[in-house]
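Chemist: As a plain string of letters, each chain reads:
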Amino acid sequence: MASSDVELADEPLRPPGHSIGLLALPRWRFLLQLLVKKELRVRYRGSALGMLWSYVKPAVQLLVYYIAMGRFLRLGDSIPSYVVYLFSGMVMINFFNEILSNTTRSIIFNAALVGKIYLPRELFPVSSVWVAFVHVVPQIVVLIIGALLFGWRPGLLSLLGGVMALLIICAFALGIGLAFAAFNVFFRDAENLIELLMMVAIWLSPVFYQWHMVADAFPAWLFTIYQLNPLAMAVELSHYCFWMPTNGVLTGGADAASLMPPHWVLGVAVSSFIALATLVLGQLIFHRLEGKFAQEL
Amino acid sequence: MNQTSNDLIMAQLSGVDKQFDLRHTRSIKEYVVWWLTGRKGQLTENFKALDALSLTIHQGESVALLGFNGSGKSTTLKLVSGVMLPDAGSVAVRGRIAGLIEVGAGMHPDLTGRENVFLNGAILGMTQEQIDERFDSIVEFSGIEKFIDTEVKFYSSGMYMRLAFSVAVHSEPDIFLVDEVLAVGDEPFQRKCIAKMRELRDAGQTLVVVSHDLELIKSICHRGIVLEHGKVVHDSEIGEAVDFLRSSMPD
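Sequence order for the protein chains is A and B. Per the working numbering, the first sequence starts with residue 73, numbered consecutively. Per the working numbering, the second sequence starts with residue 1061, numbered consecutively.
Hints were generated in silico from the structure; no laboratory data involved. A virtual CB, placed ideally from N, CA and C, is assigned to each residue, including glycine. Certain hints may be false.
What the hints assert, rightly or not - Reference listing, derived: stretches of chain A covered by chain B, where coverage requires no fewer than 3 residues with Cβ under 8 Å from a Cβ of chain B: (1) 107 to 120; (2) 178 to 188; (3) 211 to 219.
This is chain B alone, in the form it adopts within the complex:
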């Protein structure tokens, strides 16, 4: 398989709205008072993260979601992964979705590196056999063989992230989501990560990446989608999309 995308739709968002409450009410008392006083006014302020957003991602595409803070990139990823549900519109996906949404979300400091590989792998949807089979390769990629039976709480933050990244890139999902965590660890490991991402892309892995590092993202993705206030304002080849985003930067 080569890098050209085919027509199989992997993820489709149509007319998706997503709102967030900015101020949370945490006690039943406040809620009851609000309810008894005639439910006047909004208990919370709303923020519209996605506004009638539509986009389609095909198999084998490597897509970068670009935009400034608060433009809705991470929310889009969360909707694709299913962590959040849309308020309106529809989201549809195909196959198994996994990724690096936050390095180490599935790791636990009181477990050893080895146990964390299994826990994290299972969380990303791998079976026991798959993890057994890829275990050596995961450890080798992370480069922390010596510490694999040490509890993760004794790891440096770099080691911690290397292990998490290594598990994620070995999980081989049908759609791979990456949020802001491409470059982890020291310079040599960063280069290794980027090379691995390119390798996945060239093997036909469907990728959706969010990052503020525009040069980095240019070297990994083929397609760039620029979001602004929860809407798609630009969708093209990555170089052009990055130029578009740069040109819209306020001076």
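Looking at chain A on its own, in the form it has when it is part of the complex:
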């Protein structure tokens, strides 16, 4: 019927329910697109402001933190363009948290489908990543407008740094999310663990403070570990992209690299590797456990 008999006879018998995971998804682009649309629709059902909420929330968050950190704690005195510094870090952490909370619940939320029809199950976490991306775009737009007000003049390298930051966050968060989406099917405790991680994430990276404050307080080896955490590196890259090329940050013709932590290029390479390794590990864990999803849900 769908395939002609000749083609069908040429196809080998194969075990059903096996896929090559994330690598199978390009073939499922159309469904992925529909799932993303569905998730966005469901998220904003019955909401008058709709997508506008994804502007309102970060704007309020930024205002609160700016007043508390910048004014009360006077961090803004030592960091020029502190609002841009703060927001360029927060955008990355928001992206990370959004991916993490969506992916972790993605299998449970789609239990009806996962238990009835076989599809590459990675479709659900990956559609959550796209939903998170749709939500981070308005924040980046706001960030760029803000940075422009502070005289943002990015070079090609700065922009590359920003893209790298997003990619690192994406790979790292999806890797953790895949593993925890699978754990969540067996133990609902996984969601709580992820919430804990989300709470800590913003402090594990130089969002409010600067890297040299960590370097001053920590022994060298601990600082190295801190730097290798992909979140810290992505936030630093985001500063490199959005904050450093604004007015008053680089004085006397200094290069943006001079404000980055020592060995930062190597740091970017290593934390990209860690993020990718996390993704591969997450995929392996997910793959290992997915065979039992249908009977556990």
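Got chain A sorted already, so can you dock chain B onto it with the hints?
Modeler: Below, chain B without anything else, positioned relative to chain A:
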């Protein structure tokens, strides 16, 4: 092509075992305590749904899986579709598998009928072009043209099922699986569904159907396989299989 089956194997299960845990442990605490106390005893009770089950389905066959509750019919379908994996033995299939495992599993109440046709169609493995091409025919078959741009949550349960059924019968997979959802909607629509299933069968569609409605299933399938406690106890022409099942009914 006519209704006689040929030799091309579409699905083959050999020596398949499948066990289920009856009592689930949902907290890490319980699990850790069990683990620390020497992993004594079973944390869960097991239930053997399939026990060394073997069966082969050829192209063009219309097969009914018969049996009482808990005999393993739905589990067999889930193994063929790939939703579940066997604990032992092997399952092999050929081509694209889709079906009506539960009406509306792929539908979402917050989307309109039109959007659900696309979502559900894509879930059943259709491409965008295929859905575009068959869209009018899907809507016409379901008979809900007027409400196609209404959100599905405002549909009556009958309308909801008609749309889902209509998408499924237009998905044209290589193996079509149907679980307990043959007769949906009102009497005229039920008759339409059954006629459609026969039409698919006569066109050479490979069908695997699970239903408790023995008269209905007799009018659709040619071959009947009776399962009992996860084993094949009878496999023959449908009329004979139904008689076998009836004769084994406890009075």
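Chemist: If you test the structure against every hint from before, which numbers come out violated?
Modeler: Checked against the structure, the only hint that fails is number 3, while the rest are satisfied.
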